[in-house]
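Whole structure, please, built from the sequences with the hints as guidance.
Taken in sequence, the protein lines are chains A and B. Here the first sequence is numbered in the working numbering, starting from 25 and rising by one per residue. Here the second sequence is numbered in the working numbering, starting from 44 and rising by one per residue.
Among these hints, one or two may not hold up.
Just a few of them, taken from the derived set where beta-carbon distance is under 7 Å, the chain B residues facing chain A [to be verified]:
1) 46
2) 48
3) 138
4) 140
5) 211
6) 264
Rather than coming from a laboratory, the hints here were simulated on the basis of the structure. Note that the Cβ used here is the ideal one computed from N, Cα and C, for glycine as well.
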Amino acid sequence: MTPRLLFLREGADAAYGRLASLAGEALARPLFLALLALALFIAVALFATFGGWAERKLIARIHSRRGPVFTGPLGLLQTVADMLKFLRKEIIFPEGSDRRLFALAPVLLVLPAFVALVVVPIGSLVIASSQYSLVIALALLSMGPIAMLAGAWASNSKFSTLGGLRSAGMAMSYEAVLALSAAGVALSAGTLDIAQIAQRQADMGVWFALTQPLAFALFLIAAVASVERNPFDLLEAESELVGGWKTEYGGVYFSLTLLAEYGKLLVTGCLFASLFLGGWTDAGGDLGFLAKVLVWAILMFSIRASAVRMRMDALLAKVWRALVPLALLNIVVTLGVSFALGGG
Amino acid sequence: MLDAETVVSLDPDVGYIHRGIEKLAENRMYFKFTPIANKLDYIAAAAWEHLYISCVERLIGLEPPERAVCARMAMVELQRVVSHLFWLGTLSMDLGQPTIFVWAMRERERLLDVFEDIMGGRMTYGWMIIGGLRDDLTPGQAARILAELDRLEKVLPEYLAATERDGLFRERLQGVGAISARDALAYGLTGPAARASGVPYDVRAHAPYLRYTQLGFRMVTRAAGDCWARYEVRRDEMRESMRLVRAALALMPEGPIRAQGAMTLRPPVALSMATPKDGEAFVRNECPRGEGAIMLVSDGSNYPSRSSRSCARG
Chain A
25 MTPRLLFLRE
35 GADAAYGRLA
45 SLAGEALARP
55 LFLALLALAL
65 FIAVALFATF
75 GGWAERKLIA
85 RIHSRRGPVF
95 TGPLGLLQTV
105 ADMLKFLRKE
115 IIFPEGSDRR
125 LFALAPVLLV
135 LPAFVALVVV
145 PIGSLVIASS
155 QYSLVIALAL
165 LSMGPIAMLA
175 GAWASNSKFS
185 TLGGLRSAGM
195 AMSYEAVLAL
205 SAAGVALSAG
215 TLDIAQIAQR
225 QADMGVWFAL
235 TQPLAFALFL
245 IAAVASVERN
255 PFDLLEAESE
265 LVGGWKTEYG
275 GVYFSLTLLA
285 EYGKLLVTGC
295 LFASLFLGGW
305 TDAGGDLGFL
315 AKVLVWAILM
325 FSIRASAVRM
335 RMDALLAKVW
345 RALVPLALLN
355 IVVTLGVSFA
365 LGGG
Chain B
44 MLDAETVVSL
54 DPDVGYIHRG
64 IEKLAENRMY
74 FKFTPIANKL
84 DYIAAAAWEH
94 LYISCVERLI
104 GLEPPERAVC
114 ARMAMVELQR
124 VVSHLFWLGT
134 LSMDLGQPTI
144 FVWAMRERER
154 LLDVFEDIMG
164 GRMTYGWMII
174 GGLRDDLTPG
184 QAARILAELD
194 RLEKVLPEYL
204 AATERDGLFR
214 ERLQGVGAIS
224 ARDALAYGLT
234 GPAARASGVP
244 YDVRAHAPYL
254 RYTQLGFRMV
264 TRAAGDCWAR
274 YEVRRDEMRE
284 SMRLVRAALA
294 LMPEGPIRAQ
304 GAMTLRPPVA
314 LSMATPKDGE
324 AFVRNECPRG
334 EGAIMLVSDG
344 SNYPSRSSRS
354 CARG
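Here it is as C-alpha cells:
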C-alpha cells in the first residue's frame with residue numbers, strides 16, 4: 025500500500041486549502057511540500073540548536089558548572105556560534121580516503137532522520153500517513169549505522185574503523201530489541217500505524233507504558249542505544265577511540281553529524297511519546313506531546329551525565345542474553361493475553 | 044594489535060619520561076634542585092619534594108625538628124589524597140563519565156587552595172627546606188586542613204556511591220586488566236598497583252620514615268589484581284591518608300621548624316648550610332603513585348657528584 029498524504033491537523037489542512045485556492049491545485053501540492061520540508065528542516069535545526077544548548081546547560085548543572093554563559097543571554101547562542109564556526113572551517117579529506125563516500129556519509133546519516141519525521145507523527149501533524157509507518161520509521165532509524173560504517177571505512181583511519189565496526193555491531197543487537205519491543209505495542213494495538221497506535225491509547229484510556237511495561241523499558245534502553253549516548257556511546261568513545269567513526273570529520277561535515285544526532289533524538293522522542301505515552305491524544309494535546317518529547321530529551325541528557333560507557337562484549341552479551349529473550353517473551357505474553365481476551 | 048575489542052599485543056614505546064633530571068641535579072647546589080624535585084611528579088609534588096629533601100638531610104646528617112616532621116607528614120599524606128582524587132577523576136573520564144571527573148576536580152581544587160595557603164603553591168611548592176620548613180604550619184592553617192577533611196569525608200562517600208552503586212561501573216573494572224602477584228613482582232610494580240595484586244609492599248610499612256610506625260599505619264591490599272582491586276586500594280588509601288593527616292596534626296608539638304644549620308632562602312641569605320661530607324645517601328618513600336627512590340653521592344662540595352632517582356609506577 026502506498027503511503028498517502030494526510031494532515032491530521034486541521035490547521036495544516038486549512039493552510040493547504042488556502043494555498044490551493046491561491047496557486048491552483050496543480051501547483052499547490054509541490055509548493056506545499058516544499059514549504060513543509062523547509063519547516064521541517066527549520067524545526068529540526070532549532071531542536072538541534074537549542075536541544076544542544078539545553079543538554080550543555082543541564083549536564084553543566086549536574087557537574088556543578090555553569091555551562092555556556094557568554095554567548096547571548098544564558099549562553100543561548102552558543103550552539104549558533106558553534107555552527108557558524110563549523111561552517112567556516114576548511115573541509116579536510118584524510119590521506120588515502122575515499123573522498124566521495126567520505127562526503128556522502130554524513131548526508132546519508134542526516135537524511136533518514138528527516139525522512140522518518142515524515143511518517144512519525146509530530147504531535148497531531150502526520151505528514152504522510154501509512155499503515156506501515158512504524159516499520160518505515162524503524163527501518164529509517166537503522167540506516168544510521170550503515171552511513172557510519174561507510175564514513176568510517178572512507179576515512180582510512182584505525183580509530184574511525186573501530187568506531188564504525190562498533191556501530192555496526194551495536195546496531196545489529198539493539199535494533200532487534202527496538203523492533204521487538206515496538207512489536208509488542210503494535211500487536212497490542214492491532215496496527216502498525218503510529219498515529220493509530222496513539223489513538224488506540226486514547227480509546228482505551230490508558231497508556232501503553234502502563235499496559236506494556238516490559239516493552240516500555242526495553243524500548244527505552246534500545247532507544248538510548250540508537251541515539252548513541254552514554255552508556256552506549258562506544259562508537260564515539262573519545263577516551264578510547266579519539267572520536268570513534270567521526271574522528272576524521274570536521275567543519276560542516278561534523279556539524280551534519282551533530283544535526284543527525286539531534287534529529288535522531290527527536291525521532292525517537294516522537295516515537296516514544298506516540299507509542300507509549302498516548303502522543304497528542306490526551307488532554308494536553310500538542311503541547312502535551314511537546315512536553316513528552318522534552319521529558320524524553322531531558323531523560324537522555326541525564327542518563328548521559330550519570331552512566332559510564334559499557335564494554336562492547338558486555339553490551340552484546342546483555343542484549344542477546346537478556347533483552348532479546350525478554351522482548352520475545354513480551355510478544356508471547358501479549359499474544360497470549362489478547363487471545364485469552366478473545367480479541368485475536 | 045587488536046582482535047576485535049581485545050588488545051592482543053602491543054609495542055611499548057619507552058623513554059619519553061627521561062628528562063635528564065640526574066644531570067640537572069649534578070649542576071646545581073643541593074637546595075637549588077628542590078624545584079626540579081617537585082616536577083618529578085607534578086601532581087604529587089609534595090611527596091617528591093619530601094623524598095629529595097630527606098635524602099639531602101640524610102647525606103648531611105641533619106635531623107629536622109619534630110614539628111617540621113609532623114607538618115611534613117600531614118602535607119605528604121594530604122598530597123596522597125589530592126593525587127588519588129585526580130586518579131578518581133581521570134578514571135571516570137576514561138570510562139566515559141565526565142561528571143565524577145568534574146566533582147573530583149572540584150574537591151581537589153579546594154585542597155590545592157589549602158596547599159597554596161600553607162606551602163605557597165598549588166602544584167609545586169618549595170616549602171620543605173633542607174633541615175626543616177620554609178614557613179610554619181600555623182594553628183589556623185591546621186584548623187583549615189581539618190575543616191576540609193571534615194567536608195571531604197562527608198562528600199566522598201557520595202561520589203563513591205555514585206560510582207560503586209552503578210553496576211556498569213563495576214562491570215567496566217571487575218576482572219579487567221588482572222595482574223597476578225607474580226607478574227606484579229616480575230614487572231617491578233610498586234604502589235597501589237602492586238598492593239592490589241596481593242603484593243603486601245608499602246615503603247611506609249617496610250622502611251618507615253616520618254612517623255608512620257608511631258601513628259600505626261595500616262597497609263591496604265587486595266588480592267584480585269584487576270582494575271576493581273586497584274580502585275578499592277586507592278579508595279581505602281584515601282581514607283587511611285585522611286586519618287594519618289589528622290593524627291600527624293594532633294601529634295605536631297610546639298617548637299622550632301628548622302634545625303640548626305638549616306638553609307633558608309629568606310633574606311638575609313646566609314649560606315650557612317652544613318656541607319655534606321664525602322659519602323652517599325639513598326632514601327625511599329611511598330609516593331602516591333608508587334615507590335620513589337633517590338640516591339645522592341657527595342664529593343664534599345656544594346654540588347652532588349652523582350644523583351639517581353627511580354620511580355616505578357603502577
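Hint-by-hint comparison with the structure:
{"no.": "1", "hint": "46", "verdict": "violated, 12 Å"}
{"no.": "2", "hint": "48", "verdict": "holds, 5 Å"}
{"no.": "3", "hint": "138", "verdict": "holds, 4 Å"}
{"no.": "4", "hint": "140", "verdict": "holds, 4 Å"}
{"no.": "5", "hint": "211", "verdict": "holds, 5 Å"}
{"no.": "6", "hint": "264", "verdict": "violated, 26 Å"}
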